[in-house]
Amino acid sequence: MGALIILSLILLGVVLVQIGKVNELSASIRGEEEAQESANRNHAIIGMGFMISFLVFVIASFIYYKDSMLGYGPLEAASIHGVEVDNIFNVTMVITGIVFFLTHIALFWYAYKYRGRAGHKAKFIPHDNRLEIIWMVIPSIAMAFLVIYGLAVWNMAMADIPENEVAGKDFIEIEANGQQFGWNLRYPGADNHLGATYYKLISSDNPFGQVWDDPKNHDDFQPSEIVLPVNKKVRVRITSRDVLHNFYLPHFRVKMDAVPGMPTYFVFTPTKTTEEFKEGLKGYPEWEKPTDPTDPSSNSRREDFNFELACAELCGNGHFSMKKLVKIVTEEEYQAWLTTQTSYYAANITGEVPEKVDTPAPVDAAPEVIKDEAEETTVIDAKVEEAVDDKKTVEEVIEKAVEEVVEPVEDGTTPK
Amino acid sequence: MASIDITTQEELHGHGHDDHHDDDHHGDKFASGFFSRYVFSMDHKTIAKQFLITGIIWAIIGAAMSIVFRLQLGFPEESMAWLRPILGKWIIVDAEGFGTLDPDFYYALVTMHGTILVFFVLTAGLSGTFSNLLIPLQIGARDMASPMLNMFSYWFFFLAGAIMFASLFLNTGPFSGGWTAYPPLSAVPAAMDGSKAGMTLWTVSLVFFVVSVLLGGMNYITTVINMRTKGMTMLRMPLPIWAFLVTAILGLLSFPVLAAAFFLLIFDRSLGTSFFISEIFINNAPLENVGGSPILYQHLFWFLGHPEVYIIILPAFGIVSEVLSVHSRKPIFGYKAMVLSILAIAFLAFIVWAHHMFMTGMNPFIANIFVLFTLIIAVPSAVKVFNWIATLYGGAIRFNAASLFGIGFVSLFISGGLTGIFLGNSAIDIQLHDTYFVVAHFHIVMGIAAFFGMFAGIYHWFPRMYGRFMNETLGRIHFWGTMICAYAIFWPMHYIGMAGVPRRYYTFEQFEAFNQFSSMNEFITVAAIISFALQILFVINFFYSIFYGKKQKVMNPYGANTLEWTVPVNAGHGNWPGPIPHVYRWAYDYGKDGREFIPQTEPLKEGEYDMGDHH
Ligand code: HEM
Ligand SMILES: [Cu+2]
Ligand SMILES: [Cu+2]
Chain A
1 MGALIILSLI LLGVVLVQIG KVNELSASIR GEEEAQESAN RNHAIIGMGF
51 MISFLVFVIA SFIYYKDSML GYGPLEAASI HGVEVDNIFN VTMVITGIVF
101 FLTHIALFWY AYKYRGRAGH KAKFIPHDNR LEIIWMVIPS IAMAFLVIYG
151 LAVWNMAMAD IPENEVAGKD FIEIEANGQQ FGWNLRYPGA DNHLGATYYK
201 LISSDNPFGQ VWDDPKNHDD FQPSEIVLPV NKKVRVRITS RDVLHNFYLP
251 HFRVKMDAVP GMPTYFVFTP TKTTEEFKEG LKGYPEWEKP TDPTDPSSNS
301 RREDFNFELA CAELCGNGHF SMKKLVKIVT EEEYQAWLTT QTSYYAANIT
351 GEVPEKVDTP APVDAAPEVI KDEAEETTVI DAKVEEAVDD KKTVEEVIEK
401 AVEEVVEPVE DGTTPK
Chain B
417 MASIDITTQE ELHGHGHDDH HDDDHHGDKF ASGFFSRYVF SMDHKTIAKQ
467 FLITGIIWAI IGAAMSIVFR LQLGFPEESM AWLRPILGKW IIVDAEGFGT
517 LDPDFYYALV TMHGTILVFF VLTAGLSGTF SNLLIPLQIG ARDMASPMLN
567 MFSYWFFFLA GAIMFASLFL NTGPFSGGWT AYPPLSAVPA AMDGSKAGMT
617 LWTVSLVFFV VSVLLGGMNY ITTVINMRTK GMTMLRMPLP IWAFLVTAIL
667 GLLSFPVLAA AFFLLIFDRS LGTSFFISEI FINNAPLENV GGSPILYQHL
717 FWFLGHPEVY IIILPAFGIV SEVLSVHSRK PIFGYKAMVL SILAIAFLAF
767 IVWAHHMFMT GMNPFIANIF VLFTLIIAVP SAVKVFNWIA TLYGGAIRFN
817 AASLFGIGFV SLFISGGLTG IFLGNSAIDI QLHDTYFVVA HFHIVMGIAA
867 FFGMFAGIYH WFPRMYGRFM NETLGRIHFW GTMICAYAIF WPMHYIGMAG
917 VPRRYYTFEQ FEAFNQFSSM NEFITVAAII SFALQILFVI NFFYSIFYGK
967 KQKVMNPYGA NTLEWTVPVN AGHGNWPGPI PHVYRWAYDY GKDGREFIPQ
1017 TEPLKEGEYD MGDHH
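Here the protein sequences come in this chain order: A and B. So for the first sequence, this note's numbering puts the first residue at 1; every next one is plus one. So for the second sequence, this note's numbering puts the first residue at 417; every next one is plus one.
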């Protein structure tokens, strides 16, 4: 089979080369000038044909695929800022689409109209300042609009949690930690605060390298999938243990690199539960197809739909496989789910699973914790300064500080 | 700008250009033996051919690699066992005889493909070829300022290529962390097989490549500034020369930064420093390195990386401007605007690099500035596009392979430039970053467009290089086939990207959201294979025509104005047998005063106004 294809390709090549030679020969017999003129006509016409079919292909394929794209059909964003991203995408699409069509029509139309013909002379038009200014100003205005609009959306989408908001009440903070090749997930537990971590403490028993002396770690739990309540702000603290990864939730327009040694974050608010999103897929034929194409009786793609977490930064030979499921549920379902989760510390370190906490911790406790933490950090800072004076290595300092203060080296909680 | 002009004037009056002492160059005492003539040649025309042919060989290798990984993406269900004789252990054959591509090798192929095409083909092969060929010929010089450094520039490129090629045969495979080589993946050998010896050779190869670019660039700049013939003021220079000059300046300013980044990376890899790595736990053990920042590497890389994309595209701008003007029989529209837009783009190219880093954890506030500058680039880019279209307007266009590729270039640059406006807006980039949309964008605007510029240049100046023409019929088939295939391959990738599918995925089957395009992926792969076959047709045409092409009978076959067509067909080292011609007007007097063309060497008539004069 392969040999046959190769053989026919070679044959085709030989035929084309022969055609080329013959054509060249006939051109020299007919006379260069005449041959060139007929080539001008032919290729000008092919050019128009190309332009028309290309533009038709563009429109047709766009319509054909619109339901699987950003900002259209059933795959509209499922988060607050995501809707804005989709909107500006669509606005840009309209503006650039107009330019695309006009310039392509002009390009091929002029090529056709001004093809070289006998008795037709080119005009001498070296420049035209007025025209040039016009076509500099118009794009400038369009760009100014897009920059202003775009930055408004960007700064809204990337804003961190405001200082006065309270973890647990106004938002939930979770952590996603990338490693070759998978995601570790961590929820803050009843105290609504993630405990501190230190990378040297990572082990198979301690995937995040949690500092067990930090009480905030004791109630943190590590579920196997992301579960979040709808319409609640989430701050994802994004970390990595080894190389760069990228925390990517395509349906929510969330994407942020996970950088070892430098926690990043993304704040977003899901606006549709998984069930609501599935509802929106109804009536789209491609979503009614069976999940397993070979088995028509299997569930439809819609029924099996799930939000997914992927990795979007090359991280090694398993980069394409870093998947976790994401479930957006109602507040009640979320509370119910929380009760089924067990603290990692209790289950894996002390081995004693405590009584399940049925109600989440009172929210007003939170500010106190933050205050404590600030105090402790100051203590560390002081120690570090002290030690630096003693000309110790940073390494020693940090270790010592950890021992003495019984406190995280790395601040694992909400921003100040 | 002003200072450059002053030098020009000074030079013209001061040294003059009687060129007596240059005359004895001719007769080619430099190129006596076979080696000094064809291998270690110092003739810029020969060095140009060396760059071109080496570039073509690399292009074939790089494209063949893309076919292999496209087969994996388009036909994951087909066995690849038949490739085992060539690829050996990189094809994993299971008990039933079903062969799959090793994911490690998939990433190695993607990485090599990117590195080879960006650096070896579209930087060295494009700018190296045409800067060398055209700078002396179009400005009226007998050779480069330093023919010796010029020769070294080629041989450093050759050395870089040889090292990269050797890395393909390493037991752990060539580097596989993407052409951008982000640490820690590239810095920590334990992170990936390709990050072991493959990465070492990759960096060493590219350091030599940087040397090559710098040697070449210094030469191009010096030559353009100092060696123009009498009357060739800066504003009478043909646009390719402007493009090559600015390209060389960009290279000179940005490549050293890349080299610096690579040196720091080498230190991190072998000397235990921590410039780019911090707090890493890998292979069940923590590394001692703390305090480094992977983001720092990205800043350094993209400080080259963004200018690099313009290093690739500016020569194509220049070539296309020239080709479109000559074959429309019309002056390039808005010459000064074209020069200014090249300068503006080059300037802006240095202050937009972080638009590649919106989603890397860089402070989101900084993104504001980079969005602004990035979208400003669209303005000079738009001016160029409108001016090319206006050049066609009112012309008497001669359709041949060269001008067709020129027109195709404009189409591609429009399509790819417009998608840049999406990506440059950080808000939209949240979703599109590192998806197939980016792949579509940069292949169209940089990859294919630059290739089209290169093809236009090769078809146009082939007689200048070999004294023969390439076969036009095959050239036109090559054009239309490639044009259709280019869009067939890359247009659909926009849709895949708009659905959110990430790039650099070995398979999409793991994700429900990404796994809905298998028929489109098949289509793309088939188009890629056809396109590859068409390029082979071009290569056959190229080598066949060197020996058997139609002979160039007249010195100036296109009726062009520029100086390279005043050189006899088989000119030796030194270019002009007699004295170097003087220049009296700009390069674009086509259709003026009822004459089809007026060469630059023709003096102005009484009271005639020259477009290239400063007024
Ligand atoms: C209107 C002008 C342009 C704009 C606004 C623009 C914008 C961008 C942006 C924002 C990205 C980063 C996308 C991402 O990774 O998320 C990008 C990627 C890229 N662009 Fe452009 N671009 C423009 C023109 C060009 C040109 C002229 C070239 C080359 C000649 C080019 C080559 C590339 C390449 C190679 C990449 C991908 C690099 C990588 O991540 O591997 N772009 N462009
Ligand atoms: Cu990854
Ligand atoms: Cu860029």
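No lab work stands behind these hints, which were simulated from the structure alone. One should not assume that every hint holds.
Not everything, but these chain A residues come out facing chain B in the computed CB check (under 10 Å) [claimed, not checked]:
| id | residue |
| --- | --- |
| 1 | L9 |
| 2 | S204 |
| 3 | D205 |
| 4 | G283 |
Chain B side only, calculated, beta carbon under 8 Å to chain A, not exhaustive [claimed, not checked]:
| id | residue |
| --- | --- |
| 5 | I665 |
| 6 | L668 |
| 7 | P672 |
| 8 | S827 |
All C-beta atoms, glycine included, are put in the ideal place defined by N, C-alpha and C.
Now the hints, each set against the structure:
no. : hint : verdict
1   : L9   : 6 Å, holds
2   : S204 : 8 Å, holds
3   : D205 : 12 Å, violated
4   : G283 : 17 Å, violated
5   : I665 : 24 Å, violated
6   : L668 : 29 Å, violated
7   : P672 : 25 Å, violated
8   : S827 : 6 Å, holds
Of the numbered hints listed earlier, those contradicted by the structure are 3, 4, 5, 6 and 7.
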